[in-house]
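Q: In case you want the letters, here they are:
Protein chains: 2
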Amino acid sequence: MQPMEIVELLNSFFDVMCPVLKAEAADIDKFIGDAIMALFDEFPDADPAPLRAVRSGLAMQSALHEWNAKKGTSLQIRIGINVGQVVRGDIGSKHVRRDYTVIGDVVNRAQRFEASAPRGRVLVGARTYFMTKDFVDYEPVQQLKLKGVSEPVDAYVAIRMKDVKAAVSS
Amino acid sequence: MQPMEIVELLNSFFDVMCPVLKAEAADIDKFIGDAIMALFDEFPDADPAPLRAVRSGLAMQSALHEWNAKKGTSLQIRIGINVGQVVRGDIGSKHVRRDYTVIGDVVNRAQRFEASAPRGRVLVGARTYFMTKDFVDYEPVQQLKLKGVSEPVDAYVAIRMKDVKAAVSS
Chain P
0 MQPMEIVELL NSFFDVMCPV LKAEAADIDK FIGDAIMALF DEFPDADPAP
50 LRAVRSGLAM QSALHEWNAK KGTSLQIRIG INVGQVVRGD IGSKHVRRDY
100 TVIGDVVNRA QRFEASAPRG RVLVGARTYF MTKDFVDYEP VQQLKLKGVS
150 EPVDAYVAIR MKDVKAAVSS
Chain L
0 MQPMEIVELL NSFFDVMCPV LKAEAADIDK FIGDAIMALF DEFPDADPAP
50 LRAVRSGLAM QSALHEWNAK KGTSLQIRIG INVGQVVRGD IGSKHVRRDY
100 TVIGDVVNRA QRFEASAPRG RVLVGARTYF MTKDFVDYEP VQQLKLKGVS
150 EPVDAYVAIR MKDVKAAVSS
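In order, the protein sequences belong to chains P and L. According to the numbering used here, the first sequence holds residues 0 to 169 in order. According to the numbering used here, the second sequence holds residues 0 to 169 in order.
Hints may contain errors.
Since the list gives no way to pick out one identical chain from another, each pair is judged satisfied if it fits inside one copy or across any two copies.
[As the list claims (entries may be wrong)] With a cut-off of at most 27 Å between alpha-carbon atoms, the simulated DSS-like pairs for lysine-lysine come out as follows: (1) Lys146 x Lys93; (2) Lys29 x Lys146; (3) Lys161 x Lys29; (4) Lys29 x Lys70.
Calculated from the structure, these hints are not laboratory results.
Chain P with its partners taken away, still in its complex shape (with noise of 0.2 Å):
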C-alpha cells in the first residue's frame, strides 16, 4: 500500500469509529498510531460511563464489521476498558505544549487491557465487569498477568449486550 493510501484508510477507519463513540458521549483523548484513546464521564441522565463504554465497544466491534464488508478488507481491533479514578490536568512541557489529558494506573491499564483482548473483542477489568455484568454478558478468561503489576489480574470479555433496557439514573 503506498503512503497514502495507508492514511486515507486509517482516515476512513476513525471516521467509522469515531461516531459510535461520540453516539455514547464519549470524548476522543488522542489517536495513538491506529490506536483511538476516549474517556468516558458521568452524566446527569445518562447511563453510568462504564456501560456506555462497553456498549461502544461492542458497538465498534460491529461497525468494524460492517465496515469490513462494504470495503472488502478484514481489519481486526482490539478493544480494552477500565474504570476508575484518573489524574486530569492540563501535560506536557511549557516549552513545547500542554495538552489536556489524563493519565494514572486506570489509564495504563486501559491500555494493557487492549493489548491483551483477543482480535476482534472487548476485554474488560473486574470493576467495569461488576459495574455492568446486569447488562453485559460476559465470558471470564484466564487471570491477567499485566506488565508492571506483580498479582494477575481477572479479566473479561464482552460477548453482547444483555437483552435488557438499562435503567437510566436520574
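Starting from the known structure of chain P, fit chain L onto it as the hints suggest.
A: Frame of chain P, contents of chain L only:
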C-alpha cells in the same frame, strides 16, 4: 501523591526533557501518558538524524540523573530509537480532529525498543546502530522478540558518545 502533585511532577519532568530534544532539533509529536514521542528529520548542515537521536537519548538520561539529584527523586526512564521510512500525514477523524503525525512499522518498533529497554538506558535497532556506531559505544543485547514480529531482532544499548567529533554532512 495528590493529583496536582502528579501533574506538577510530570510537567516538571517534561520541562527538563523537551529542551534536551529541542537542542537536537527534534519535533515533539505527542505526549502519551508519561512518554514523549519525538521525531528527528534530516537537515542540511546538521548531524545525521540517527546520531542526533542517540545523542539526545543519552543526554536525556544524564539530564534526568541531575534532575533526580536536585529533586530528591529517583525516576527512571526507558528510551527506544528506530530509523526508517514512516508514513506522515494528517491522521484522525473528520468528525473529531486530525493530527499531523507519523505511523507505520518503523514507529511501532521504536515503541517496542522503548518497552524493551533496560531502565535508565537507550535501546536502538540494528539500522540505528550501523548508522551511529562510529560515534557511539554500544553493547549488543540478546536478540529481542518483538510483539507482532516473527523473527527475533538485533538491538543495542547505547552506552556513551565516543570521543570523536561527529562529521557534519554538508
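Q: Hints first: check each against the structure and report whether it holds.
A: Here is how each hint holds up against the structure:
Proximity of lysine 146 to lysine 93 under the C-alpha cut-off of 27 Å is found in neither arrangement, the shortest distances being 31 Å within a copy and 34 Å between copies. Taking the shortest Cα distances, lysine 29 and lysine 146 sit within 27 Å of each other both inside one copy (22 Å) and across copies (23 Å). For a Cα distance limit of 27 Å, the shortest separation of lysine 161 from lysine 29 qualifies neither inside one copy, at 30 Å, nor across copies, at 39 Å. In this homomeric assembly, lysine 29 and lysine 70 come within 27 Å of each other (Cα to Cα) only inside a single copy, at 25 Å, whereas the closest approach across copies is 31 Å.
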